[in-house]
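Participant: Each chain, written out:
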Amino acid sequence: MERIPILKMGDFLLVTIQVDLYDQLAENLESDLINTISKHSSKGVLIDISAVSIIDSFMGRILGNIAVMSKIMDAQTVVVGMQPAVAITLVELGLSLNGVISALNVERGMDLLRSKMHTSDNEEQDYDDDNE
Amino acid sequence: MTTITNSKEEALIIREQDVVPLRNRVKEYGVKIGMSILNQTKLITATSELVRNLLKYGGGGKVIIESVSNGRDNGVRVTFIDNGPGIADITLAMKDGYSTGKSLGLGLPGTKRLVNEFDIKTELGNGTTVTITKWKNG
Ligand SMILES: Nc1ncnc2c1ncn2[C@@H]1O[C@H](COP(=O)(O)OP(=O)(O)O)[C@@H](O)[C@H]1O
Ligand SMILES: [Mg+2]
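In order, the protein sequences belong to chains A and B. Residue numbers 32 to 163, in the numbering used here, belong to the letters of the first sequence in order. Residue numbers 4 to 141, in the numbering used here, belong to the letters of the second sequence in order.
Hints should not be assumed to be uniformly reliable.
[Claimed, not checked] Each computed EDC-like pair below joins lysine to aspartate or glutamate, with the alpha-carbon atoms no more than 16 Å apart:
(1) B:Lys30 - A:Asp51
(2) B:Lys115 - A:Glu123
(3) B:Lys98 - A:Glu123
(4) B:Lys59 - A:Asp54
In case anyone wonders, no lab produced these hints; they're calculated from the structure.
Whole structure, please, built from the sequences with the hints as guidance.
Facilitator: Right, here's the structure in full:
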C-alpha cells in the first residue's frame, strides 16, 4: 500500500506531501503520524504541502484532525508552504482550518516550532517555581 | 445568452481511484482556455467535492466535461450524474455544515461559492445531477 514517508529530525517529524492526496493515502498518513509521534515522543510535526495543488473539505478535515490529535499528544503541528490559490479556495469553500498553524516554508516552520517549545519549557519552569 | 460547446468528453466514476484522473482532466480543460491558477484551483476543488458526493452518496455515476463559450468568455462546465437515492431536502443539503455522512457539510454550499454557475436537480429514488460552470474570467 502506498504511504507518505515521515522523516524524523530530532524532536520533530517532517512530512513532505509530493502527490495529490486521495482518501486512503490521507487516512494512512493520519494514523502513521499519530503512531510515529507516540513512538518518538515528538514535540512537533511539519507538514510541507507546497507541492499540493488542491485541498478539498475531506483533506482539510484530515489536516485538522492531525493538528488536534498531535496537540493531545503534546506535539505542535505546523503546515508549511500552502499555495496562495489553495489558501484562497479553502476560505471560499468555508473551511477555516482552526487550530492549524501555518508558516511560509520549512525553515520558518522549524523556527516557529522551536520558539513554541521554548515558551512551553518556560511555562513549565514558572509552574515548578511557584510550587517550590 | 446561449452557450455553445466546443469539446466534450465523458468519464465513468465508480471508485475512489477514478477521482484523481478526473481532477487532472478537468484541470487540463482549464489550462487549455488559459484559465488562471486561482480559477483552476477553485474549479478542481469544486470537482473534487462533487465527485466525492457522487461516489459516497450516489453510488458512482457519470461525469461530463465540456469546454464552453458564451460569446463573451470561455469556460469549463462539469456535470455530475448519479442514479442514487436523490436528496430529500435540497434547501437543507445546501446549508453550510449539514451532512448525513458525518463529514463537514461544505461540499454543496462551498462548491456553489467557488463556481460561477451552479445547478442541482434531484429526485428521490432517481438520482442527482449537479452542473457547474467556471468562466475563464469569472
Ligand atoms: N449525489 C448525492 N446523492 C444523494 N445525496 C447527496 C448527494 N450529494 C449530497 N448529498 C446529501 O447532501 C448532504 C450535504 O452534502 P455536502 O454539502 O457535500 O456535505 P458532506 O459531503 O460533508 O455531507 C450530504 O450529507 C448528503 O446527505
Ligand atoms: Mg460532500
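Participant: Take the hints in turn and mark each one as holding or not.
Facilitator: Hint check results:
no.: 1; hint: B:Lys30 - A:Asp51; in the structure: 13 Å, holds
no.: 2; hint: B:Lys115 - A:Glu123; in the structure: 10 Å, holds
no.: 3; hint: B:Lys98 - A:Glu123; in the structure: 14 Å, holds
no.: 4; hint: B:Lys59 - A:Asp54; in the structure: 12 Å, holds
The structure fails none of the hints (numbered hints given earlier).
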